[in-house]
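Chemist: If you're matching them up, the sequences are chains A and B in order. So in the UniProt record's numbering, spot 11 of the first sequence is number 11, and the numbers just go up one at a time. So in the UniProt record's numbering, spot 447 of the second sequence is number 447, and the numbers just go up one at a time.
By construction, these hints were calculated from the structure, which means they are not laboratory data. By construction, the Cβ of each residue, glycine as well, lies at the ideal position given by its N, Cα and C atoms. Be a bit skeptical, because a hint or two may be false.
Unchecked claim - With a cut-off of at most 30 Å between alpha-carbon atoms, the simulated BS3-like pairs for lysine-lysine come out as follows:
id, chain 1, residue 1, chain 2, residue 2
1, A, 269, B, 80
2, A, 412, B, 138
3, A, 313, B, 400
4, A, 313, B, 138
5, B, 80, A, 268
6, B, 326, B, 305
7, B, 138, A, 132
8, A, 66, B, 190
9, A, 241, A, 268
10, B, 228, A, 361
11, B, 410, B, 474
12, B, 80, A, 241
13, B, 228, A, 313
14, B, 488, B, 458
15, A, 414, B, 80
16, A, 132, B, 148
17, B, 433, A, 313
18, B, 228, A, 132
19, B, 407, B, 348
Unchecked claim - On the chain B side, residues computed to face chain A include the following (Cβ under 8 Å):
id, residue
20, 110
21, 147
22, 177
23, 235
24, 236
25, 255
26, 257
27, 315
To be verified - From the derived model, a few chain A residues whose C-beta atoms are all more than 12 Å from chain B:
id, residue
28, 6
29, 20
30, 33
31, 37
32, 92
33, 108
34, 131
35, 154
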Amino acid sequence: MTGVLEHPGYDEERLRRAAEQLPCRELQAGMLLSLMGEPQQYCYPSVFIYGHRASGKSHVINVLMKELELPHATVSCVECVSVALLFDQVLRSFFGCDEASLLPRSPSLTDFVRIYRQQSPAQQTRYIVVEKAELLRDADANLLPALLRLQELVEDNVSVILLSEIVWDTFRPNTGCFEPLLLHFPDYSKVELQQILSQDRHPSYSAELYSFYVNILLGVFYSVCRDLRELRHLAALNFSKFCEPLAEGKVKETDTHKLWKNIEPHLKKAMQTVYLREVSSLQWEQMQQTEEETGAPKGLSAHTHVELPFYSKFLLIAAYLASYNPARTDKRFFMKHHGKIKKTNFLKKNEKTTNHLLGPKPFPLDRLLAIFYSVVDGRVAPTASIFSQISSLVTLQLLAQVSHDDQLDSPKYKCAVSLEFICNISRTVNFDIMKYLYDFL
Amino acid sequence: MSTSSVSKGCFVFKPSPKKRKKQDLSQESYFIHDCEGPESGQRRFKLCQDLWNQIKTETEVLQDELHRKILDSLLDFSRKCSSTRRHSDWASQMRASEIPTAALMLGVNVPDHDLTFNSLSDLLRQSVTPYVVSLHAKECGALKHLMKRVLEGLMDTVVAVDDEDEADQVQKSVHCSLTTLCDWYICRTKKSSNVTPGKKRPSSVMDQPEQLPPVVVVFKDMEAFNPKVLQDFIQICSRYIHRLPLMFIFGIATSPSTIQHMLPHSVSSLLCIQLFQSLSCTEHLATVIDKFILTHHFPFKLTEKVLSVLVSIFFFHDFSVRNFIKGLQLALLEHFYAQPLSVLCCGKEVALRNATQLDHSDLERIRQLPSFKRYVERQEAEEQVNLMKDDSYLKEVCHKLMKNLHKYHKNYYPVLRCLHTLTSALPRHLLGKQIRELHETCLRSNVWEQENYQSAMKLLKMRAKDELLLLLQKCAEILRSVRSKKMKNALKQLEELLCRFQQLDASTDVAPIEDECLVSPVKNLPKKTDLFQLQKTLLEMKESRRSKKLSSFEILRNETVDFIDGLVRSHLWPPESQPLHEVCYYSSVATVKHHLNATPRTSIQVALSNPDHYLENDSLKTEDGTLSSAAPDICIAYKLHLECGRLINLYDWLEAYATVVSAAEGVDPNEDAFGKVDEVNTPVSSAPCPSWSFWAL
Numbered sequence: 001m002t003g004v005l006e007h008p009g010y011d012e013e014r015l016r017r018a019a020e021q022l023p024c025r026e027l028q029a030g031m032l033l034s035l036m037g038e039p040q041q042y043c044y045p046s047v048f049i050y051g052h053r054a055s056g057k058s059h060v061i062n063v064l065m066k067e068l069e070l071p072h073a074t075v076s077c078v079e080c081v082s083v084a085l086l087f088d089q090v091l092r093s094f095f096g097c098d099e100a101s102l103l104p105r106s107p108s109l110t111d112f113v114r115i116y117r118q119q120s121p122a123q124q125t126r127y128i129v130v131e132k133a134e135l136l137r138d139a140d141a142n143l144l145p146a147l148l149r150l151q152e153l154v155e156d157n158v159s160v161i162l163l164s165e166i167v168w169d170t171f172r173p174n175t176g177c178f179e180p181l182l183l184h185f186p187d188y189s190k191v192e193l194q195q196i197l198s199q200d201r202h203p204s205y206s207a208e209l210y211s212f213y214v215n216i217l218l219g220v221f222y223s224v225c226r227d228l229r230e231l232r233h234l235a236a237l238n239f240s241k242f243c244e245p246l247a248e249g250k251v252k253e254t255d256t257h258k259l260w261k262n263i264e265p266h267l268k269k270a271m272q273t274v275y276l277r278e279v280s281s282l283q284w285e286q287m288q289q290t291e292e293e294t295g296a297p298k299g300l301s302a303h304t305h306v307e308l309p310f311y312s313k314f315l316l317i318a319a320y321l322a323s324y325n326p327a328r329t330d331k332r333f334f335m336k337h338h339g340k341i342k343k344t345n346f347l348k349k350n351e352k353t354t355n356h357l358l359g360p361k362p363f364p365l366d367r368l369l370a371i372f373y374s375v376v377d378g379r380v381a382p383t384a385s386i387f388s389q390i391s392s393l394v395t396l397q398l399l400a401q402v403s404h405d406d407q408l409d410s411p412k413y414k415c416a417v418s419l420e421f422i423c424n425i426s427r428t429v430n431f432d433i434m435k436y437l438y439d440f441l
Numbered sequence: 001m002s003t004s005s006v007s008k009g010c011f012v013f014k015p016s017p018k019k020r021k022k023q024d025l026s027q028e029s030y031f032i033h034d035c036e037g038p039e040s041g042q043r044r045f046k047l048c049q050d051l052w053n054q055i056k057t058e059t060e061v062l063q064d065e066l067h068r069k070i071l072d073s074l075l076d077f078s079r080k081c082s083s084t085r086r087h088s089d090w091a092s093q094m095r096a097s098e099i100p101t102a103a104l105m106l107g108v109n110v111p112d113h114d115l116t117f118n119s120l121s122d123l124l125r126q127s128v129t130p131y132v133v134s135l136h137a138k139e140c141g142a143l144k145h146l147m148k149r150v151l152e153g154l155m156d157t158v159v160a161v162d163d164e165d166e167a168d169q170v171q172k173s174v175h176c177s178l179t180t181l182c183d184w185y186i187c188r189t190k191k192s193s194n195v196t197p198g199k200k201r202p203s204s205v206m207d208q209p210e211q212l213p214p215v216v217v218v219f220k221d222m223e224a225f226n227p228k229v230l231q232d233f234i235q236i237c238s239r240y241i242h243r244l245p246l247m248f249i250f251g252i253a254t255s256p257s258t259i260q261h262m263l264p265h266s267v268s269s270l271l272c273i274q275l276f277q278s279l280s281c282t283e284h285l286a287t288v289i290d291k292f293i294l295t296h297h298f299p300f301k302l303t304e305k306v307l308s309v310l311v312s313i314f315f316f317h318d319f320s321v322r323n324f325i326k327g328l329q330l331a332l333l334e335h336f337y338a339q340p341l342s343v344l345c346c347g348k349e350v351a352l353r354n355a356t357q358l359d360h361s362d363l364e365r366i367r368q369l370p371s372f373k374r375y376v377e378r379q380e381a382e383e384q385v386n387l388m389k390d391d392s393y394l395k396e397v398c399h400k401l402m403k404n405l406h407k408y409h410k411n412y413y414p415v416l417r418c419l420h421t422l423t424s425a426l427p428r429h430l431l432g433k434q435i436r437e438l439h440e441t442c443l444r445s446n447v448w449e450q451e452n453y454q455s456a457m458k459l460l461k462m463r464a465k466d467e468l469l470l471l472l473q474k475c476a477e478i479l480r481s482v483r484s485k486k487m488k489n490a491l492k493q494l495e496e497l498l499c500r501f502q503q504l505d506a507s508t509d510v511a512p513i514e515d516e517c518l519v520s521p522v523k524n525l526p527k528k529t530d531l532f533q534l535q536k537t538l539l540e541m542k543e544s545r546r547s548k549k550l551s552s553f554e555i556l557r558n559e560t561v562d563f564i565d566g567l568v569r570s571h572l573w574p575p576e577s578q579p580l581h582e583v584c585y586y587s588s589v590a591t592v593k594h595h596l597n598a599t600p601r602t603s604i605q606v607a608l609s610n611p612d613h614y615l616e617n618d619s620l621k622t623e624d625g626t627l628s629s630a631a632p633d634i635c636i637a638y639k640l641h642l643e644c645g646r647l648i649n650l651y652d653w654l655e656a657y658a659t660v661v662s663a664a665e666g667v668d669p670n671e672d673a674f675g676k677v678d679e680v681n682t683p684v685s686s687a688p689c690p691s692w693s694f695w696a697l
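So here's chain A without its partners, still in its complex pose (with noise of 0.2 Å):
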């Protein structure tokens, strides 16, 4: 089933075991292997190697590691906050704490360098495999430059790995640096999924069943996800759905139509539930235990009303015109005897219906305020508390602060809300704010 690993220099018998946990990547591992030569050669300097999410590329790493016992540091690069980390994790794990901490408080890539260089040479090579490198970018720019020719850095048979899940053309710097070797882990075809899928069979049953079962999965599944970590995690939630009607005795392994009618429709209640993470998968289990008594639980998506105090509600209204309509035509809209202003003049035929299409424009306090008191019942006194709400419809990520904090004289603001959500609030205050928007005039 599995084909076969195969390169000097290393133990069959591990080669073997790695092989049976590799599959469907059986190509990338030799490719890899081959790369990485005998324990003792030197390796090529720096190898990058990219697919999708889900496509095993640190899954062929780690196995191929650990299964060979080669000297490794494993680093992920959204943990390391700071070079610092970094060096330190990859000095741990070659040398022991104690070489760590030999690392200044705020370690330059000499530090690192020296530092490893102190240590004594490698027997066999060593690796350093970076996990999502696209960080790396953001990072110092000599890191990604030095690590990609380590190896001559430091006079030592080190190699780096890095895994990304975006091409290589978008790392490269402008000052150009080494080239890396590319390899690619192409997504899994719909043959392969099944195929590693069905190797986590449940093991009070048939290796049979279950990849029918997988089967059944992906036929609902397989257009709208192919990641195969989801997958998985949506096989062990709905298996147990799946052999109820088994263990209550009603039908036989072998009356697959049963089966497949028991099951299709939950699977694709799940596809519109659980896979969004409307319903999280606690809920989702409680449900089938529960069965359908009651109607399925609400998803985040659809709690979306909020309830606001008057006066922000009138204030959001206000944020919103004032960052949808042009700001020549608050005469217009807010003001009592505006005279007659010419039609043809008002609406300019580009401005129009242009303003949702553009998204918010930011505007300044004043014409929030202005706006504000036109547009709200009654006299309003401007109290402070007014001002507070202010900033706490900002901390509610409803209006969002465009200048800078710094400017305290007149700040400007973007409304951050949709049409949908100002329409339901203006209608619980029954202001018409259709009738205020220049788009819809």
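Add chain B to chain A, keeping to what the hints say.
Modeler: Just chain B now, with coordinates in the frame of chain A:
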């Protein structure tokens, strides 16, 4: 205390603890007004503090009760999560390990959230895990800071609990990464499982030693976090979830869809999110009002205006119950501070005791009270003289009046509740949906004189029998809990009425016959009819219905409604009708508004136009239209600019300013006319040089 610094312009002098103590001691001396004895001030201070303590403890209890349910389910969730994590069955092995996450919907009343989170983390610490850390968005601008906060929060709390040698370890760990936390956690849990249970931790954690307590991270204000930081943090955490049993709590103010706005699918798929809805703030307010305002147990009362100011601040501005209670506290403090007669504002026994100890000046003050004056006017001439002259007689009357006031309150609230239960279900909510609104109407004026009340009563007379019975039973339930003679009487009557309703049930049912005779005329209508004829027949039908004899049920129903009406008329008088109501009722709206609803713009304007208002310097006082050169420069400039039109010429403006200021030069400052310019003739031209023109404010 040295001020010998070259570089700094300002110096910090921390108050010594001794001084502060002195201030504390003299707190109550603030309560003593010029002309009265210190005892009365002390007494009022004590009463005020007692009442405030009562409010404080009771609101805390209330808060705990209200959050009990949601917190319980949250704790359940966290326990379940930490237990399922250890399962080794097939399904949980197969599943991608998700971080259990509770999304706590708290509503937009952000000021109240702190209290909730405090009690939440306390409860978590007590019953689930000692490892709880709360994060504020403000402290976590970057991932680095967030990590630091998490590590510090977790390790510090434990350091504080346990021995000190841990502190060195924390300092040693240079890099704040989750690896450090992991190692620390593992060594921690190993250590604690060796320690005899119950010695250092609550025993519940130690019950199952194999079950590790989760590490809870609370994000207090989810919306304010930088999405990027949050995403990174979650991704990092998911790498460690196998070694470190993490759990998140998101505090969300707006709506759960913010999670989806902030986190992409790749991140939210790492979480197992469960929603928890907290109580709405309006309900919370209703319970608070129920507890402190709609009860006779709490002697301090608010007048309608003050109450409506506080409530409108709540509804129009912030939705914050905490701020409402703050407002209540302010009113309480102001009342006891400004009203010397508030010694009588307390429980019945104490009030009566205090009434006997009133001195002459207090009694004089009572004579000045408008409500008392009105009361005196109603008395006969001889009585009037007695009341105005005889102190001891007045004391007796006071005693009686205070008793009456307490009785009034005792009867007022049950009747108010009854009226509310009867009318709240009526269509259009004529008397308000909330009991709070009804209370406000009753405080404002005689409720029975209002149109809405009358139409509500009419509607009540049209209610179906079973509905009415249900409501009346509820009323009886309310009255039953009151211990007052009048209410007991009312209850007796009500029960009698209820009895008679039930007897009607037993006797023959007249309703169907009624229905028939109502419907029949419609049937009798000819098939084809013009509009005029239809109108006529309909009018006739109406007439016939009106003149129709009332059934026994209808008679009884009318009687019941009249009885309720009678109750309302005898008990729901507005408090102004009660003599001595000023003792308990706080009425100064202006002060409350001034303190709670500050208007920065107006105060700046006042300060600029009447500098004497804030500086409290009489020499700055001016009449309208005049300018004093003694006023601060900015005030003069401001006044001059007011006299200009839309555009100000900078040169003319400064010239005018110079005229005003130089008018004072060489003049004796003690002279009356010092610095006064009658009419400022500022030569403001309307054609200024454009580059130096300003818009007038």
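Chemist: Next, verify each hint and record whether it holds.
Modeler: Hints, verified against the model:
1. 269(A) with 80(B): At roughly 25 Å apart (the allowed maximum being 30 Å), residue 80(B) and residue 269(A) satisfy the hint.
2. 412(A) with 138(B): Since the Cα atoms of residue 412(A) and residue 138(B) sit roughly 21 Å apart, the hinted pair holds (cutoff 30 Å).
3. 313(A) with 400(B): 51 Å, violated
4. 313(A) with 138(B): 25 Å, holds
5. 80(B) with 268(A): 28 Å, holds
6. 326(B) with 305(B): With a Cα-Cα distance of about 17 Å, the restraint between residue 326(B) and residue 305(B) holds, given a limit of 30 Å.
7. 138(B) with 132(A): 28 Å, holds
8. 66(A) with 190(B): 27 Å, holds
9. 241(A) with 268(A): 13 Å, holds
10. 228(B) with 361(A): Within the cut-off at roughly 24 Å; holds.
11. 410(B) with 474(B): 19 Å, holds
12. 80(B) with 241(A): Given pair residue 80(B), residue 241(A) holds - Cα atoms ~21 Å apart, limit 30 Å.
13. 228(B) with 313(A): 29 Å, holds
14. 488(B) with 458(B): 26 Å, holds
15. 414(A) with 80(B): Not satisfied, since the Cα-Cα distance of roughly 42 Å exceeds 30 Å.
16. 132(A) with 148(B): 22 Å, holds
17. 433(B) with 313(A): Holds, at roughly 22 Å.
18. 228(B) with 132(A): Satisfied, since the Cα-Cα distance of roughly 15 Å is no more than 30 Å.
19. 407(B) with 348(B): 10 Å, holds
20. 110: Given a least distance of 6 Å, the restraint on residue 110(B) holds.
21. 147: Where the cut-off is 8 Å and the nearest Cβ of chain A is about 7 Å from residue 147(B), the hint holds.
22. 177: 6 Å, holds
23. 235: Constraint on residue 235(B) satisfied, holds at 5 Å.
24. 236: Check passed: Cβ of residue 236(B) comes within 5 Å of chain A, closer than 8 Å.
25. 255: 5 Å, holds
26. 257: At 5 Å from the nearest chain A Cβ, residue 257(B) passes the 8 Å test, so the hint holds.
27. 315: 6 Å, holds
28. 6: 32 Å, holds
29. 20: 18 Å, holds
30. 33: 26 Å, holds
31. 37: Fine: 30 Å to the nearest Cβ keeps residue 37(A) off the interface.
32. 92: Incorrect as stated: the minimum Cβ-Cβ distance to chain B is 9 Å, not above 12 Å.
33. 108: The assertion about residue 108(A) holds, with a minimum of 15 Å to chain B.
34. 131: 9 Å, violated
35. 154: At roughly 22 Å from the nearest Cβ of chain B, residue 154(A) sits farther out than 12 Å, so the non-interface label holds.
Checked against the numbered hints listed earlier, the structure breaks hints 3, 15, 32, 34; every other hint is satisfied.
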